[in-house]
Amino acid sequence: MKTPQYQQGNSLWKDAQKRLFRNKAAMMALYFLIAMFVACFVLPLFPIIDNPNTTNLDNIAAPCSMQHPFGTDQLGRDLLARVLYGGRISLLVGLVATIVALVIGLIYGLISGYIGGRTDALMMRTVDVLFALPFIVLVIVFSLSIEQPSRELTEWVISTTGWSRESVAPILGLVPLFIAIGALGWLTLARIVRTQTQEIKSQEYIQAARSLGLSHIRILFRHIAPNLMGTVVVYTTLAVPGIMLTESTLSFIGLGVKAPNSSWGTLIKEGADRMEVTPELLLFPTLFFCLTLLALNFLGDGLRDAIDPKSAKD
Amino acid sequence: MIDVLCMIRRLSTIMTVLSSILLYSCGDGETSAQHFANKRILLIGNNSEPQSLDPHKATAVADGKIISTLLEGLVRPHPQRDGEILPGVAKDWQHDETAKEWTFRLRKEARWSDGRPVTAHDFAYAYQRLLHPQFGGKYAEMLYPILGAEEYNKGQTPWENVGVKVINDHTLKLTLKGPTPHLPQLMLHFTWYPIPRHHVEANGGMLDRRSKWTQQNNWVGNGAYIPHQHQFNNYLSVIPNPRYHRRNELKNNGIRFLPIVNGYTETRMYFGGKLHITNNVPPEMISYAKTRTHEDFCRDPYYCTIFYRLNTTRAPLNDARVREALSLAIDREALVQKVVRNAGIPAYGFTPPGAGYTQAPTPSATLNQQQRNEKAKQLLADAGYAGGAGFPTLELMTTSRDVQRIMAETIQAMWADTLGIHVEIRSCEWTAYKAAQQSMNYDISSSSWSGDYLDPATFVELWRTGGGNNNTGWSNEQFDAQLTSATATGNTQQRLQHLQNAEQIMLREHPIIPLYYSERTYLRSSRHVRGWQPRLLDNFPLDAVEIKP
Numbered sequence: 000m001k002t003p004q005y006q007q008g009n010s011l012w013k014d015a016q017k018r019l020f021r022n023k024a025a026m027m028a029l030y031f032l033i034a035m036f037v038a039c040f041v042l043p044l045f046p047i048i049d050n051p052n053t054t055n056l057d058n059i060a061a062p063c064s065m066q067h068p069f070g071t072d073q074l075g076r077d078l079l080a081r082v083l084y085g086g087r088i089s090l091l092v093g094l095v096a097t098i099v100a101l102v103i104g105l106i107y108g109l110i111s112g113y114i115g116g117r118t119d120a121l122m123m124r125t126v127d128v129l130f131a132l133p134f135i136v137l138v139i140v141f142s143l144s145i146e147q148p149s150r151e152l153t154e155w156v157i158s159t160t161g162w163s164r165e166s167v168a169p170i171l172g173l174v175p176l177f178i179a180i181g182a183l184g185w186l187t188l189a190r191i192v193r194t195q196t197q198e199i200k201s202q203e204y205i206q207a208a209r210s211l212g213l214s215h216i217r218i219l220f221r222h223i224a225p226n227l228m229g230t231v232v233v234y235t236t237l238a239v240p241g242i243m244l245t246e247s248t249l250s251f252i253g254l255g256v257k258a259p260n261s262s263w264g265t266l267i268k269e270g271a272d273r274m275e276v277t278p279e280l281l282l283f284p285t286l287f288f289c290l291t292l293l294a295l296n297f298l299g300d301g302l303r304d305a306i307d308p309k310s311a312k313d
Numbered sequence: 000m001i002d003v004l005c006m007i008r009r010l011s012t013i014m015t016v017l018s019s020i021l022l023y024s025c026g027d028g029e030t031s032a033q034h035f036a037n038k039r040i041l042l043i044g045n046n047s048e049p050q051s052l053d054p055h056k057a058t059a060v061a062d063g064k065i066i067s068t069l070l071e072g073l074v075r076p077h078p079q080r081d082g083e084i085l086p087g088v089a090k091d092w093q094h095d096e097t098a099k100e101w102t103f104r105l106r107k108e109a110r111w112s113d114g115r116p117v118t119a120h121d122f123a124y125a126y127q128r129l130l131h132p133q134f135g136g137k138y139a140e141m142l143y144p145i146l147g148a149e150e151y152n153k154g155q156t157p158w159e160n161v162g163v164k165v166i167n168d169h170t171l172k173l174t175l176k177g178p179t180p181h182l183p184q185l186m187l188h189f190t191w192y193p194i195p196r197h198h199v200e201a202n203g204g205m206l207d208r209r210s211k212w213t214q215q216n217n218w219v220g221n222g223a224y225i226p227h228q229h230q231f232n233n234y235l236s237v238i239p240n241p242r243y244h245r246r247n248e249l250k251n252n253g254i255r256f257l258p259i260v261n262g263y264t265e266t267r268m269y270f271g272g273k274l275h276i277t278n279n280v281p282p283e284m285i286s287y288a289k290t291r292t293h294e295d296f297c298r299d300p301y302y303c304t305i306f307y308r309l310n311t312t313r314a315p316l317n318d319a320r321v322r323e324a325l326s327l328a329i330d331r332e333a334l335v336q337k338v339v340r341n342a343g344i345p346a347y348g349f350t351p352p353g354a355g356y357t358q359a360p361t362p363s364a365t366l367n368q369q370q371r372n373e374k375a376k377q378l379l380a381d382a383g384y385a386g387g388a389g390f391p392t393l394e395l396m397t398t399s400r401d402v403q404r405i406m407a408e409t410i411q412a413m414w415a416d417t418l419g420i421h422v423e424i425r426s427c428e429w430t431a432y433k434a435a436q437q438s439m440n441y442d443i444s445s446s447s448w449s450g451d452y453l454d455p456a457t458f459v460e461l462w463r464t465g466g467g468n469n470n471t472g473w474s475n476e477q478f479d480a481q482l483t484s485a486t487a488t489g490n491t492q493q494r495l496q497h498l499q500n501a502e503q504i505m506l507r508e509h510p511i512i513p514l515y516y517s518e519r520t521y522l523r524s525s526r527h528v529r530g531w532q533p534r535l536l537d538n539f540p541l542d543a544v545e546i547k548p
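Residue numbers (numbering that gives the first Met the number 0), protein chains in the order written: chain G, 0 to 313; chain D, 0 to 548.
Looking at chain D on its own, in the form it has when it is part of the complex (with noise of 0.2 Å):
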């Protein structure tokens, strides 16, 4: 009978799927995290599966991650003290007395993967394309403290006046818009790296944007890795570059990229004995992962905020009062403490206190939740929308990361009992939702910010007109002038205040629901690690990591 066939069919499946992860788990009795340890492997979880691993393509932390062990910068980070800065591809720098002209001195022994050396041409040629108006590159404004490199992105002008000269081959001199006095800082970043010019040209050109250069065999690079295997999905590993110059200090042989989505499965894979370092710990799980192992539970605080973009290109979120309403309703305190268990402060701001800067109180922060909702209702009423009638349905989009489900599920409901509305929740993979967002293509998303660098303006520089990141539709030709102000002034005090001034503008209109400032919560083997430290940036040298066996 073909139902038995069918069932048999069914069966024999079931028991293959059963038996491989028996084998898998039972292989010689030994774990995996043992047996790359013997390695000296570095077992990492990260997230999700890398867009892309071209520095001027990747937007998201997990391809950053990946990037930062393939390339170098100009600078980079101290292992053990956090926020110092250490010599990179440059031997050394110096500046004027008002730190808007920097010149840098490179390493003569740099050498790419294939064995060319790293020139200043390299730099030149990675910001430029960076910047190219035709690139359409998505992080352009991390480059737009250089002279003219704003007006260059938007055409305006061209490269020729754009602050960036080539003295010699090893020798790049950088002309700010402004007094940047931290700009070895910035450089951390990954698309401050340099990319190879000769390769990137032998591949399609500098406007390529379907450029083959960074597939795995066909990679060139000047970090202290390469990439090695890449299973969709699976894994992606890279091993030491032998042409790295500081190939002797490498503290590891190699690290493997686990891309896991589901913090439940990460967090199980690693009790499995299947990671040496986790992504993230749910915060349903934060409690038994601490009473299964208090030394590797890990708390760190982070630089790094959870909020909703708007879509204020659509009705009817192009209506201020709509937004705020939707903000106010939302119980933050409710949601930090059950939902998300405290590994978070509420937030009704955006840029997370810290590197100086404090946020001024926004009006709604000394209401209390009652005063909010009341406040809520009577603005949508105003809208048009009292009670919630005649309320479109709105989409709610979010990854497939059960924290954002499950909160986005509360506010939902919180949505729909203090205001009458209703959203519908629509979860997807990681790419597609990072593509709806980018095309804007959605009404409310589920976002997160984490700083690039330690200083305020990598969160309000975010809602600038056009920014490849604001996603929202939302321009305000105040706050652009308060961030040319900021740039401009070279008193610190007077940047932070027309920072706050900026963001104070933003936060009045509303284009994003701040949440809260969340907590890195994760699991880090205190057997097998050594040498890690806790970031704000979440940004620790991965070549810096001791793997025990």
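Only chain G is shown next, with the shape it has when bound in the complex (with noise of 0.2 Å):
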């Protein structure tokens, strides 16, 4: 017996997977990304890497070397090692706050959209009023109230686990940073998610679900946040520039990272300090940090012209 020959249907994921891997900026752009976060996260696994907390006094600001690919800093380390590190932190807190950002923002616009009428009123008159507030005053204060009991927390993990302060010390620290920037950040993707969810709670297909007499839940999960995935994939990838961006004013002013830890913030912090007598301690994190960035704009472009490409054209 023959078997029937189906015509495979295209969904809508597979062509805009197809779209973007078409798309050959955003392509490079998502490979530059995979391989900056194996420099940071894997290879310093490997002891080629010095340890980016080392000093020697006796090798201060040296210039490139095999040993020294980036040269030494101020005070002898080695600073490609700190900016693998560094690395490390900045891209960890655009991760982390943008997820902790986009749960709550999911959620708010959802619930917002969803029930609409005063609620929704009520639920974005609050965001108006948030948006009102400076962002980078509030992340201060914000992330100076949870210091203490971030510190708390540290405390905690190393007599529970018993691992070195060393290795959990530079990350836990960052929490409050995470927090404050991720708790501070979701209003925009609350907005949009809002807008959003109206939209699709008008449609056909929603109404049959409701009058299968589906719970208000599994609406909410099952057929309309799906839908709206798209456009919070792009949103994301735009906002975490933004959020490392943040992270970096912190460390700028000292709210960030502890010394002798580093993130890239800090890194240019201090090679702008000393421009004139050292320029590659500016130049190499601003280097690392400005293709990031840059890649991250590229893929998030590639990103919205795939899934929606209608709005490619304005």
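Derived from the structure by calculation, the hints contain no laboratory data.
Ideal Cβ positions, reconstructed from N, Cα and C, are used throughout, including at glycine.
If the Cβ cut is set under 8 Å, some of the chain G residues that face chain D in the computed set are:
#1 N52
#2 T54
#3 L56
#4 I59
#5 Q73
#6 L74
#7 K257
#8 A258
#9 P259
#10 D272
#11 R273
#12 E275
#13 V276
In silico DSS-like cross-links for lysine-lysine, where the CA-CA straight-line distance does not exceed 27 Å:
#14 D/K107 - D/K250
#15 D/K433 - G/K268
#16 D/K107 - D/K164
#17 D/K99 - D/K137
#18 D/K153 - D/K56
#19 D/K547 - D/K38
#20 D/K137 - D/K56
#21 G/K268 - D/K289
#22 G/K257 - D/K433
Bring the two chains, given one by one in their own frames, into a single complex with the hints.
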């Protein structure tokens, strides 16, 4: 018996994937980002990279060499190692804070858009009020106020897991930053999600789902949320650079990572101070930071074009 | 799209900032150094935003520099010869043969900027205010040489028993605790300046710590200048006081103090033509600054020590062994050579050499670093933290100044290597740093102390029990007793001996970690500035700075 040949239908996601793969700039950006992640998170696991916090006062501000490809900084620490470890922190903040913002913004926007009416008005006016407040100032106040609990968290983790302080402290010390940036960075996303939800809510298939007697939760997360994903993914890729910038701003004014650990923001600040004397200290971290931001922007643009082809024309 | 809007908004912000920088630097092709030189106004870098212009509330060097232009004491420093004294509000003075009784005769033409005469009452009022037990003046011990001043400050005796007597409007008599031939030297400091009694009384009275008498439009002073404009974190400008008795002798038309904490920024601003004199060139910029302008770079000896305060009220720093271990484990030679780039001398004691005083060698000064490290490890083990095990994470507080931060990172690494302990660095903005230090809300505080007068007492007296700038919680009766004997004796040699003994007692218990004796490195425009002289106390009278266009 012969099985009938079916033409495999193309899903929306398949189409998007195809379009993305055809976008050369976006794909290069994607490969670059993967390489950057590998460099920052995997490479330092091997002993070829020095400890970024080992000072060597006999080898201060050394120029590039085989042993120190990027040279050393003002305390004789290997700059390559510092840039890579700094990248860990900057990328991590970018990712984690974005995820925090994503979760809050998505749920808030979904609820607001789905319920509508007075609740919607109230929720959106709250967002308006929060929008009116200066973001950086709020982040500073917020991160200062949760500094103490996060320090206790660090101590607790060290005492229960027995991990060394050196490996735990740099990451856990950033928790206030994650929470502060994430908790205040969801506003734009909430608005976008709400508008989209309102639009989808009036579609026939939602009415069908409702008349079948599905619960609100099921409708929200099974039928509405998946259809928002395109917009959300695009927005997220474009939001990461902004959040990384906020982190570097905070580190620049001394509120981000604690010395001797570094992020790209602190490295750039240290380099900027000494740019007449040792320009390498400014050059390398800036190069890494700028290229990563550029790549994220390219990828975000590519994703937007792929998922929503209409928007590319405006 | 919202993203596009965000982008545009961000770009426009960047453009505004960039264009304002460009506009500012290109205006008419004339630098602000040139512009203000033509107006004969001095632009001087002044480290930090002043905490207060009230001489009884200020403690920072930056505040003192401004106050010295706004108020005038009984005496003033000689503009050419360091250490020499000229009459200020006092026209002359005499003392008895023991140098305990001093009589100052005030000049009758001295006026406050509101036209009222400066009288001996204003001085007595100022001294009473600073010493008042309820006022809480941090610098009260500067007046302790006066008989009964310490007791009054501690609330043990009424004001009548303090050796400050107003004979008449223009005669002030001071009775001192012990023979003090160097009294006029002490009086150069702003804590000995008068304040306008009538004006302070009209603004909340003597004990009102939030009095508004020092506010810009409400200011009354007797100094060479009066405040003109104050833009927070931008500048504070002063203009000549028309009622100042030496008005015709002022060499310039005003001063702008620019609070620039970051030495890199300051140095860059200097080369960008925005300053005539800077406060500080960071060590890493020294060779660069020298190659750019050899004649403008200054490197002066300075009566100043860089050290760490330890909060002796907190465990484990309440254990002297821990404190000594921390001190021994710092390789000061490497620190001074590599981080400070030789703009200083490694310090094992607190008081810098000079003014006839030499330090008795401390035991640790004779060891080499290897031996010190061994001893440090041993001490830490004795205290129960062998190899750093169980040692809590201490916080090392620094100001946001870059030199202090690099130093902190270096020492953090040294402690981790040698003792196996971890400290966390907290970098604070200046006012927050000051507040935390004064409320002893710190573990280790990166500090510096520059002499208020040319005498070792300005350093040793700091650690007196309950002293307003002690801030370590350390106290020792023997130490206080040595200080009392030093004040009581009339013999210079004996006095120095007592001070030396006191310092030895303090150094044995390590409430502080001395790091190095600092030098002053700064830039001064050789083209615009005339008449500038290096000062051990960095107290050159700014009214004697001549500005050439």
